[in-house]
Each structure stands twice: as structure tokens, then as C-alpha cells.
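Novice: Please take these sequences and the hints and turn them into a complete structure.
Chains as they are written, first to last, in the numbering used here: chain P, 1 to 355; chain W, 1 to 355.
Watch out, some of these pointers could steer you wrong.
Some chain P residues well away from chain W (every beta-carbon gap over 10 angstroms; in silico) [as the list claims (entries may be wrong)]:
1) 22
2) 60
3) 253
4) 267
5) 305
A partial selection of chain W residues facing chain P, derived with a Cβ cut-off under 10 angstroms [stated by the list, open to error]:
6) 188
7) 230
8) 239
9) 285
10) 286
11) 324
Keep in mind that the hints were calculated from the coordinates and are not lab data.
Quick reminder that beta carbons are idealized off the backbone N, C-alpha and C, glycines included.
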Amino acid sequence: MALELRNIEKRVGAESHIYETNLSFVDNGFNVLLGTTLSGKTTLMQLIAGTDKPTSGEVWFRGTNLTQVPVQKRNVSLVFQQFINYPNLSVYENIASPLRVAKISRDEVDERVQRTADLLKLTPMLGRRPDELSGGQQQRTAIARALVKDADIVLLDEPLANLDYKLREELRDELPKLFADRDCTVVYATTEPTEALLLGGHTALLNQGRVVQFGPTSDIYRHPRSLLAAQVFSDPPINTASVQKQGDQIVLSESVSWRAPDRQAALADGPYTIGIRPHHVLPRDPGGDSVAVEGEVLVTELSGSESTIHFDLAGSVWVSLARGVDTFKVGERATLYADVAHALLFEPDGALVAD
Amino acid sequence: MAKITLEHLRHSYMANPPTEADWALRRLDIDWDDGGAYALLGPSGCGKTTLLNIVSGLLKPTEGRVLFDDLDVTDLPPDQRQIAQVFQFPVIYDTMTVYGNLAFPLRNRNVPEKEVDQRVRQIADMLDLTDRLDSRASGLTADGKQKISLGRGLVRSDVNVIMFDEPLTVIDPHLKWVLRSKLKELHQEVGRTMIYVTHDQTEALTFADRVVVMNLGEVVQIGTPVELFERPEHTFVGHFIGSPGMNVLPCELADGGASIEGHRVTVANASALNEPDGVLEIGIRPEFVSFADQGLPVDVVRVSDAGRYRIVDTRLGAHSIKLLVREGESVPSERAYLRFDPERTRVYCDSRVLT
Numbered sequence: 001m002a003l004e005l006r007n008i009e010k011r012v013g014a015e016s017h018i019y020e021t022n023l024s025f026v027d028n029g030f031n032v033l034l035g036t037t038l039s040g041k042t043t044l045m046q047l048i049a050g051t052d053k054p055t056s057g058e059v060w061f062r063g064t065n066l067t068q069v070p071v072q073k074r075n076v077s078l079v080f081q082q083f084i085n086y087p088n089l090s091v092y093e094n095i096a097s098p099l100r101v102a103k104i105s106r107d108e109v110d111e112r113v114q115r116t117a118d119l120l121k122l123t124p125m126l127g128r129r130p131d132e133l134s135g136g137q138q139q140r141t142a143i144a145r146a147l148v149k150d151a152d153i154v155l156l157d158e159p160l161a162n163l164d165y166k167l168r169e170e171l172r173d174e175l176p177k178l179f180a181d182r183d184c185t186v187v188y189a190t191t192e193p194t195e196a197l198l199l200g201g202h203t204a205l206l207n208q209g210r211v212v213q214f215g216p217t218s219d220i221y222r223h224p225r226s227l228l229a230a231q232v233f234s235d236p237p238i239n240t241a242s243v244q245k246q247g248d249q250i251v252l253s254e255s256v257s258w259r260a261p262d263r264q265a266a267l268a269d270g271p272y273t274i275g276i277r278p279h280h281v282l283p284r285d286p287g288g289d290s291v292a293v294e295g296e297v298l299v300t301e302l303s304g305s306e307s308t309i310h311f312d313l314a315g316s317v318w319v320s321l322a323r324g325v326d327t328f329k330v331g332e333r334a335t336l337y338a339d340v341a342h343a344l345l346f347e348p349d350g351a352l353v354a355d
Numbered sequence: 001m002a003k004i005t006l007e008h009l010r011h012s013y014m015a016n017p018p019t020e021a022d023w024a025l026r027r028l029d030i031d032w033d034d035g036g037a038y039a040l041l042g043p044s045g046c047g048k049t050t051l052l053n054i055v056s057g058l059l060k061p062t063e064g065r066v067l068f069d070d071l072d073v074t075d076l077p078p079d080q081r082q083i084a085q086v087f088q089f090p091v092i093y094d095t096m097t098v099y100g101n102l103a104f105p106l107r108n109r110n111v112p113e114k115e116v117d118q119r120v121r122q123i124a125d126m127l128d129l130t131d132r133l134d135s136r137a138s139g140l141t142a143d144g145k146q147k148i149s150l151g152r153g154l155v156r157s158d159v160n161v162i163m164f165d166e167p168l169t170v171i172d173p174h175l176k177w178v179l180r181s182k183l184k185e186l187h188q189e190v191g192r193t194m195i196y197v198t199h200d201q202t203e204a205l206t207f208a209d210r211v212v213v214m215n216l217g218e219v220v221q222i223g224t225p226v227e228l229f230e231r232p233e234h235t236f237v238g239h240f241i242g243s244p245g246m247n248v249l250p251c252e253l254a255d256g257g258a259s260i261e262g263h264r265v266t267v268a269n270a271s272a273l274n275e276p277d278g279v280l281e282i283g284i285r286p287e288f289v290s291f292a293d294q295g296l297p298v299d300v301v302r303v304s305d306a307g308r309y310r311i312v313d314t315r316l317g318a319h320s321i322k323l324l325v326r327e328g329e330s331v332p333s334e335r336a337y338l339r340f341d342p343e344r345t346r347v348y349c350d351s352r353v354l355t
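Specialist: This is how it looks when you write it as C-alpha cells:
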């Protein structure tokens with residue numbers, strides 16, 4: 001029996017923030033909520049924490065109905081995007097604070113604070129105050145406080161969003177390890193698809209108040225059920241275009257068509273939508289069954305280890321993502337190579353066709 | 001337009017800095033060519049804002065000179081340096097129209113109305129603001145307002161340099177690429193010297209032809225995006241640019257070669273290994289490490305799926321070595337051997353590459 005949302009719904013006035021949702025999180029697992037701002041992640045977290053009540057439906061945890069249980073009586077820890085610590089307490093006392101409230105013996109408090117501080121590399125900072133710490137250390141302190149009380153449920157609402165990217169990389173790497181051996185269910189909200197992938201575990205894809213798909217993170221990334229699921233779980237955005245299947249050919253435009261891969265060969269003729277992830281569109285011909293497409297370069301973004309080329313393909317924006325540094329000038333005509341063997345096909349209503 | 005030279009620059013906010021660490025800028029010599037697109041990149045506290053303020057004239061350096069072409073401007077106040085600046089937050093007049101905002105820097109300098117009109121329309125055209133010229137600036141979105149700020153920076157034809165200080169901070173992440181594209185295009189069109197200050201490596205590498213990377217008050221490397229990725233001259237550059245950053249491993253020298261934990265490694269800068277005095281390390285990016293039949297013996301400890309590739313974390317004794325494995329390629333389960341690309345493996349002494 002895990003953390004469950006049963007027929008949960010949240011309306012504020014005439015507006016639905018969460019449409020009727022059923023979701024059973026993985027017990028003792030790492031569960032990610034992935035979606036853009038206002039997709040419903042924070043609302044779901046508040047319903048689980050008990051800081052907000054559902055309009056209808058129930059929250060269950062390990063066979064107990066929590067819906068009417070007040071927030072103080074749910075054994076839940078919360079970490080937010082903003083670093084929230086007690087400014088006038090030392091790091092030690094900040095971490096110890098949930099244990100002080102629970103009236104735990106002095107020796108046990110000390111043992112647990114030291115162990116948690118060690119895990120989060122805060123031991124040298126225990127005597128300092130939060131304003132003497134870097135942003136990364138402040139958020140480590142907030143995470144330590146959430147860990148120290150051995151909560152049943154730990155809710156992390158975009159905890160890395162306010163950190164610069166190197167600190168984000170470091171904490172993202174550590175977080176799944178911190179929770180791996182603990183007896184608690186983690187729910188982690190993020191707007192970033194790559195972060196969801198690297199955290200692993202299970203992911204729920206959210207869009208405008210609805211769960212679009214839930215499952216093991218890598219699985220649903222590779223096997224989205226619908227175009228919408230593929231779009232929610234793609235950064236940069238997945239490239240899409242209308243295509244026609246005609247006999248054994250898939251036709252993108254007058255000049256671009258290719259032989260349907262075996263898995264799509266038996267499909268009925270007619271209109272489909274193709275979805276092809278940016279890393280399957282490359283600036284150099286990878287060989288195999290790739291198809292050349294031509295467009296005007298809008299910009300090449302460089303991250304240092306990857307190049308993201310935005311280009312205009314017959315009126316829609318497509319994106320290519322390649323390793324290393326590839327630069328094109330703005331406005332240049334460029335040929336890019338789409339690895340259509342990895343393309344996904346969707347019905348006109350958005351459902352994935354047999355894969 | 002001008003070439004900018006920073007000569008033997010040093011700056012401290014203290015009257016008599018007692019130690020080397022009390023210098024915000026330790027020693028700088030930089031030449032910025034006329035018409036170039038440059039970025040100043042580094043973490044917070046690295047000295048980039050101090051440097052920006054010295055170029056604009058808000059701060060007088062403790063030592064050294066600032067030259068615009070051959071004119072020494074070190075003692076000139078900001079308003080006599082002919083500089084345009086674009087800041088983090090849009091600096092515009094809400095009550096004026098878009099036209100009025102763009103015209104302001106020109107009218108302020110008594111430019112004839114006919115020329116004002118011509119310049120404003122030209123800039124508005126570049127920024128796709130022509131159909132908004134008569135609208136009130138207050139009605140625009142954050143990215144619309146920031147476009148006006150960019151336009152105000154670009155509208156004067158008499159400036160020596162345009163400086164951008166984290167100009168995309170307030171822009172929605174999904175729209176950033178559009179403004180990045182605009183900035184690149186504008187530089188291509190106007191060919192003015194531009195300096196872009198940021199802590200974000202994607203911002204810097206996307207905008208600039210050459211990037212000045214700073215850390216702890218020093219320039220650690222000046223290079224093109226390709227050079228910073230393929231030939232980091234300092235371990236900080238390897239770490240800060242690229243995700244995950246460069247592997248940095250302690251090494252020993254023996255028999256004219258380098259080895260890690262007693263295992264010989266072929267390096268690109270072998271000819272430079274003549275009795276260096278200092279801490280020796282080998283640097284290799286995860287992109288240039290692969291699994292092989294023989295080589296460095298490691299234990300595979302963790303695999304993270306990033307979708308387009310997997311990050312494999314391995315251990316050689318106490319040292320972590322990360323490598324990237326493409327989608328679809330296999331990863332050995334426990335014991336494995338690693339190969340370092342010899343062209344991309346370098347020895348560093350006290351963090352600087354040996355040459």
C-alpha cells in the first residue's frame with residue numbers, strides 16, 4: 001500500500017486546478033512530477049502535505065485515509081524552491097529543529113544531526129548561520145532538516161531551481177543516493193525533462209491539471225503514449241510535422257519522403273503526425289537511414305558540451321541537438337539529417353500508433 | 001566603435017590589500033578587437049562585475065590603464081566614454097511609447113529629428129517592433145520590454161562599445177532562444193564591439209566569438225567555444241564549462257610519461273612534462289572516455305539515463321571517472337576497462353595545462 005490519490009479533484013471558484021486524478025505512487029520510491037509552471041505540480045504537493053484540501057476525492061497512505069488528517073499530524077517533510085531556514089539559528093539548530101519539536105533525547109538529536117550533516121557535507125558549517133552560507137549550502141540545510149526527522153513522505157518542490165547550474169548538477173547527482181536506502185516515499189516536482197531523467201525512479205507527466213502518463217522514468221520517455229506525453233517529456237521541444245503515409249512511403253513534403261520502417265509498414269494510408277526528438281536530427285550525416293532536410297538557421301545555442309540548432313523548416317521551428325560545438329550563422333541555409341528510424345508516429349488525435 | 005585594451009589592470013576595494021586574496025582583480029591584460037562579440041563568464045564573485053564597472057567608468061582601477069583605441073580613458077567619467085549598457089532588468093519609461101523609448105538616447109544628445117526617425121525605424125525593424133512603435137511600453141511583456149532595452153542600447157551610432165549585463169535573466173526559459181537569436185543577428189548586422197557579462201555558460205558561448213573565463217579575480221582562459229571545450233587550459237574551465245564537467249585525476253610522472261594509480265596514460269602534452277614543480281593532475285572530459293578491452297581497470301558504480309546519452313560513473317581506487325555512453329550502446333555491469341582519447345588527455349600543473 002503506497003501513497004495514493006483517489007479520484008482527487010481541486011477546483012478554485014469556476015477554475016479546475018486538478019481534474020479528477022487517480023495516481024498510486026511507488027512506495028519507498030523516488031517519484032517525479034514533471035510539467036510546466038501551472039500544470040498542477042504544486043497543487044498536488046499541497047494536497048499530499050495537507051496544506052490544502054481537495055474539492056473531492058481522498059489521499060491515502062499505506063492503508064490510512066489522510067484526507068481529514070491535519071498537516072501537523074501527517075509525517076511529511078517539505079523542501080521548497082526558496083531556501084527556507086531559521087535565520088537566527090545555527091545550521092546545527094536548523095537541522096535539529098524538527099527533532100526538538102518531537103521531544104527527542106539530547107543524545108539522539110546530536111547523533112541524528114551529525115549523521116545527516118555528514119551526508120549533506122555540512123559538518124564544517126554546523127556552527128554558522130544561514131546568511132553565512134552559499135545558496136547551495138542553504139538548500140542543503142533545508143534538505144537536511146527534511147531528512148533528519150525520518151518522515152514517511154518527503155515533498156521536494158523544485159528544490160534546485162534557484163541554484164546555479166554547477167550546484168544543481170552536484171545536488172541532482174546526490175539526491176537519489178540520499179534517499180536510496182530510506183524508508184520514505186519521495187515526490188519531487190520539476191519543470192525540466194533532463195532533470196527528471198537523471199533523477200530516475202518513476203515520473204508522472206502533468207499538463208494543465210491532468211496526469212498525462214505515469215511510469216518508470218526511462219520507459220515513458222522512450223514510449224510516450226501520446227504526442228502530448230512526448231511533448232511534456234522533451235527538452236528541447238520534440239520536432240513535429242504532418243506527414244502522409246502513401247503505400248510504403250512516409251511523405252513529409254514534395255521533396256522529402258522515406259520508406260516506412262518495418263514497424264510502421266503495416267499502417268493504413270492517411271495523415272499522421274511525426275515526432276522526432278532533437279538528438280535524432282543532426283548537423284552531420286550519421287549514415288544509415290537518415291533523411292536530409294533543409295532549413296534556415298535561427299540560432300545555434302552552445303552549452304559547452306552540446307549544440308542546439310534552431311532552424312526554420314518550411315514555416316515551423318525544428319531543433320537539432322548534437323554533441324560538441326557546431327556553429328552555424330544566423331540566417332544560413334543548412335542541411336540537417338533526421339534519423340527517421342527513431343521517429344514516433346501519432347494518429348491525428350495524438351495517440352501513439354503501434355510501436 | 002573602438003578597440004578596447006585593458007593594460008596591467010589590478011583592483012582592490014581595500015586601501016592597502018594585505019594579501020593576494022584581497023584583490024578583486026589580480027592582474028589582467030586583455031585586447032578586445034573592434035567589432036568583436038565577447039563574453040565575460042564566471043561564477044558569482046569572480047570579478048566580472050568589477051571589470052565591467054572599470055570599462056564603463058563607474059570604478060577607477062587601483063592599477064593599470066583602460067584604452068579605447070589609443071585614447072587613455074582611465075580617468076574619464078562614464079558619460080564621456082560613449083558606452084551603451086543593457087541591464088538585467090528592462091530600463092524603460094513605461095509612460096512613453098515604444099518609439100519614444102527608442103528615440104530617448106538620441107533626443108537626449110540633440111540628434112536632429114530626421115536622423116532620430118531614421119535610426120528608430122531601423123532598430124525597430126531589426127527587433128520586430130515596427131508595428132508596436134505607437135504602443136505604450138507599459139503594455140508589453142517582459143521579453144518585449146527587454147527588447148526595447150536592447151534597442152536603446154543599439155540605437156546610438158556613436159558608441160564605442162555595447163555592454164550587456166545578464167540581459168536575459170527575466171526572460172521565460174522557453175523564450176530565451178528567441179532573444180539569443182536576435183542578439184546574434186544584431187551583432188552580425190551592426191558589427192559593433194559587444195561585451196556580454198554572465199555566469200551562465202550557455203549565454204556566453206552562444207553569444208560570443210571569444211569568451212573570457214574568469215575565476216577568483218583572474219582570467220583563466222580566453223578562447224572560442226570550441227577551444228574551451230576541446231582544449232581547456234585550466235582545470236576550472238574544464239569543470240565549469242560542460243555538463244558533466246571534466247574529470248580531474250591526480251597523476252604521477254615517470255619515464256617521460258604520466259600515470260594514474262600506477263596505470264600508464266598517453267597524453268597530448270607529453271613533450272611538456274619536464275620536471276614540473278607543483279600538483280600534477282590529468283584532465284579528460286567524459287565525452288572523450290570510452291569502454292575498451294584493456295586500459296584503466298575500473299568498477300562501474302552507477303548509470304544515469306539522460307535520454308540522449310547515459311552518464312556512467314566509475315571508480316578507479318578512490319577516484320571517480322565519468323564517461324558518456326550513447327543511446328543504444330551497452331554498458332559493462334561491474335568490472336571494465338577505460339580508454340582515454342590521447343588527443344584529448346592533458347596534464348595540468350597547479351591547475352594550469354603544461355605547454
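Novice: Kindly indicate which numbered hints from before are broken by the structure, ordering the numbers from low to high.
Specialist: 5
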